[in-house]
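Fit chains X and A to the known structure of chain S by using the hints.
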Amino acid sequence: MQHNEKRWQNLGFQLGAVVLALLLTSLVILAAGAPPLDAYKQLLKGAFGTKMNVADTVVAWVPLLLATSGLLVTFAAGLWNIGVEGQIILGSIFTTGVLKLLQDSPLPPAFIIVLAVLGGMLGGGLWAVLAGVLKTFGGVNEIFGGLGLNFIATSMTIWLIFGPWKRPGVGSMSGTEPFPESLWLPTLPGLRLSIWAVMLGIIALVVIYFLLQGTYFGLKLKAVGNNPRAAFLLGIPTWQYMLLSFFLCGLFAGLAGSLQVVAVYHRLIPSISSGYGYLGLMVAMLINYQAFWVAPVAFFFVALNIGSIQLPIALKLDSSLSGVIQGSLVLAVLVVEGIRHRLLRK
Amino acid sequence: MKSKLVWQLFALVMIVSLALAACAPAATPAPEQPAQPAEPTKAPEQPAQPAEPTKAPEQPAEPFVFGMVMVGPYNDNGWNTAHYVAGQYVERKMNAKMLYIDKVNPADRPGTTPAQIAEQLLSQGAKFIIFNSDDMKDSSVDFNKAHPDVPMIHASGDYAWKEGKVYKPELKNYVNVMGRMEYGKMIAGCAAALTTQTGKIGYLGPLINDETRRLVASAYLGAKYCWTNYLGKDPKDLQFKVTWIGFWFNIPGVTSDPTQVANDFFNSGYDVLMSGIDTPEAQTEAKKQADAGKKVWAVPYDYEKACDVAPSICVGVPYFNWGPFYLRWIQAYLDGKYESAFEWYGPDWKDINNPDTSYVSFVKGPALSEENSKLVDKFIGELGGGLNLWKGPLNLQDGTQYLKDGEEATDQQIWYLPQLLEGIEGQSVQQ
Amino acid sequence: MEIEFRNINKTFGTVRANIGIHFSIPAGTIQGILGENGAGKSTLMKILSGYILPDSGEIYLDGELAKIENPADAIRYGIGMLHQDPLDFPPMKALDNFMIGKPGSLFPARREAERAFLELRDQFGFTVDPNSYVDSMTVGERQQLEILRLLWLGVRVFILDEPTTGISAQQKEKLFLTLRRLADNGNTVVFVSHKLEDVEALCDRVVVLRRGELAGQMTPPYDTDRLIEMMFGKVIKLDERLPCSATDQLVLRLQNVAIDDYRLQIRNVNLEVRCGEVIGLAGMEGSGQELLLRACAGLVRTVGGRVIVNGKDLTGKDTHSFMRHGVTFMPASRLEEGLIPGLSINEHFILTGEQKGVFIKRDKAKSYSQNKISEYSIRGFPESRVEALSGGNQQRTLLALLKEELSLILLEHPTRGLDIESTIYIWSKLKERCAKGAAILFISPDLEEILQYSDRVIVFFSGRVSPPLDATLTNVDQLGQLIGGKGWEEIFEKEQVGVSNAAQ
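First to last, the sequence lines map onto chains S, X and A. So for the first sequence, the numbering used here puts the first residue at 21; every next one is plus one. So for the second sequence, the numbering used here puts the first residue at 186; every next one is plus one. So for the third sequence, the numbering used here puts the first residue at 408; every next one is plus one.
Chain S on its own, in the form it takes in the complex (with noise of 0.2 angstroms):
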């Protein structure tokens, strides 16, 4: 019975948030000039208007999905690994690679695809080796180390898309010329959801949820992220675990970054991570860096994302609005837990 009152308390309290983060973009909205509920209206619109806005929110849902899953990994061991960003690029950037070196060969379209995935993984898994190697070895704190090599990462995919992999004759911001249609990820008719994308962002989050919750090395993570010197003199090498970690989370936003290749945009664009990675941190967050809210949650965010396209052509509203909900919807969950840690004393 207690814990059933608790369990009220704590729903009133998330529920709390959600009505302040409205509140506080409401407000945003006003100040804008425009009817918050015509706005909300909109965004829903956009999102699941039409079956093609559905499946949009959708393709968009798999690389915060996974961003997110691999976020989980290196939350647990305690780091805050901002670098996922550069790491999706990096995924996307292998990606391509592969696929520019294979796409003429006599291998089976299928089989190449698979290739450019599992070199995209590893791109990313690398990149945020390196972020870890920066830490481990370098003293480098991972966010500071995350943010420099993110840097790094969107001025390769500049260069190599006005340099080496540059249109034939021009450089163009829309990116490297498409790769033939048999190296696409095959959607659904009709739609730009390719249904292989869906299930390996599923497969990923259920991978991770298990990995965490019930596994020998998903414990010794989150002891590692709880307290690294009492976990290394229990006898868990703490800096391999760490480094670990990292490839984890590198080899998920990396595969984030490949499908943007292979199922969205068939070539390479400049800023082909689209911020997931930092809205993957916003949502590792916003859930308390539980795997079972992430689906949820992210498809929630992507819907924002996808549904505030409406805002500027119905009501002259800029699109940012959306980041302002998330944004103040992870403020006022971190508003209302300290409020309740207050009020109740855990």
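It is possible that some hints are incorrect.
Example chain S residues on the side facing chain X (calculated, C-beta under 8 angstroms, incomplete) [unchecked claim]:
#, residue
1, N73
2, Q233
3, S294
4, G343
Keep in mind the hints are simulated off the structure, nothing from the lab. For each residue, glycine too, the CB sits at the ideal point set by N, CA and C.
Structure of chains X and A alone, referenced to chain S:
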């Protein structure tokens, strides 16, 4: 005890937020009306059909809704504003309504594609889509393939050009339009050459592609012609240099900063700066320098009223007039005459500033002297009379022959100019 | 200030930590709070100092109801707590730590703070350096710092939770003088301890808690047997000393070991430890015993000599190599280095236990930890998070985590903060290990404990290391002298004899 407090707090927040949402200006139903979503299950063959209730019979005929996807901000006083006012031109000329979305580029809207955004326009009722940037070419193809029945225009592209290098015969209902800005740039180059006192003309270039190369070359051709023929100077004394920033407008951290580039030009003796980018940094920087006492000028680009940013240093602006293109094609669609096509049209030489007939033009700026103004008019007259500057002998930047003596360039040779021309300083190819 | 507790109740999950606690403390007295681990002393003190809120009940200060909802409130009422595991911010200088919590301007007056710091420090004869880093301080120094900080905040009620553990006899004497002086000036001192002799020597009055309830009160003269009865409900006798049967097998050999620290240099340590042996390391905090102990675990790098474990030269190897060769190290700060806050007891057993396959067998693990929990009388459940356990139960947990086959157990303050019952229990467990062939090296500030349980004793004085002394041939007085730096020539003369003994 504590939890009661919490619930009270919670209820309060709830009430306030609901009140806020409800009390908001309840008006502005306007955006909703044209914005009825398509009925996805009903009309698979025509996905952009508006739902029934808006077609109330007693109301005046529904305006035709077309959508515009713009690469930069609609109020950039350049490329995008030129498109935006073209849309307004269509609205004025016929019963039509424009829906637009701007800043559609990877930096401003990560995670979305122009095609996806065009679909959002469809869901708001648009029945005709205009993509306004070369960078949307892949997306315009994606969109066209996904919605072969939706008429669309990709401005500045060449996929529909039968004689072009990248013709895609499989595209249906795919129209490319482009103004022959070569003329505009020649006139602008001429005005620049007449104005410069140091003999050094700078060109603030966006990214390097076929289009930007041929425009820089045109500006140079115009400048060289007026420099030698009107001023009687040695072409060797004319310096013409281009610096590319990397994109159509400044993206901090990605492109070079155009303000910085403009500054470098002025500080190294270039006194007339021509702009090839979408935004007005060349002018604002020239204005700053002029205010500080330097004798410098700028030649903006794209938009008829671009000189308004800083009239005192504005020599003139070559601009696009997209309105007639769009009006004609939308009308053609309504008349059932829409089909894939490639159009590359120039000025109406009878009246280059005619908003209904001239696709490309030039307006003189306040900083163009009276004497030079006459020379510019003379140059326009010569061009209208058949003067062709794209005529041999012309060499490419690396010295290889481009046109033999007396040979006139074909459209393809101009459109796909492989390098800058001999005499121009600056990169021909990115990196 | 007079403090009155009225019917205080506090429950953690299923554990009732305080049940209807009701008593008052007159102003200007030193009030002892006595009880074994988990009796509810710390909970009651945390309530008084605002770190936790009671489920019900009130606190009256000078007859008026006090609303203490957080530590800042408590400080405003003039109540400050000195913690068992001092709460501080490790990578900070002592002075910065000192200034934390002082209300006032955004830019604190450092110079003024430093002057106050030095003044207070000299007044109480402490030795803390305001510019040393907190994470390099000994527990004793950290406590001194905490006391100074509270004094400076203007606190009038001082709560000291097990303050005499982890500091030397001299420091204790000084502390008691300090507390006396505080009380004489009209302050109230609440002295929480499980150590009868400390409470009897210092306190004006004593209350005893047992299993969350108030078991009784007493004023001098104290009846020790009666107090013990109140604490445990029965009278306990200390165990007889049981010497291990030291065999000839060498578990640890140190040859000319040298260690450098920024404060200390240790040179030429030679030691041979046989299996089944217990060696106590005595010395004031920071005299070098911690360094040597950690060097034996591979946690501190030696700069010279060799460390040989079970015949294997492990010089320069990392601690995990030492662990693979049967060495284990139990740190003094349980929650900082020993256990992992946020993980349950069960998860700790899973981490240290046998791991087969990829997936955790939760059911099996749970029944295993259930067994361990009852074997080691840990007051908690498999699901209990370690940070929710009392100090004694944390120590029992650490002990229960030790692997079955160990040859060398290194302990920092194994019974710090524990009551007699737990101490006896833990040593009985450790002696079982000795009987199975493990050797033990341990540090303790309690010379009685060292003499009680060691076979040999090594004394440290600012980096100097004595030869091992036979515990049966020395006594508290001699050890006390050596710790203070006296009588060293004498033992080095004797050492010749010791060495020849070892050679036989």
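Quick rundown of the hints versus the structure:
no.: 1; hint: N73; verdict: holds (7 angstroms)
no.: 2; hint: Q233; verdict: violated (30 angstroms)
no.: 3; hint: S294; verdict: holds (3 angstroms)
no.: 4; hint: G343; verdict: violated (11 angstroms)
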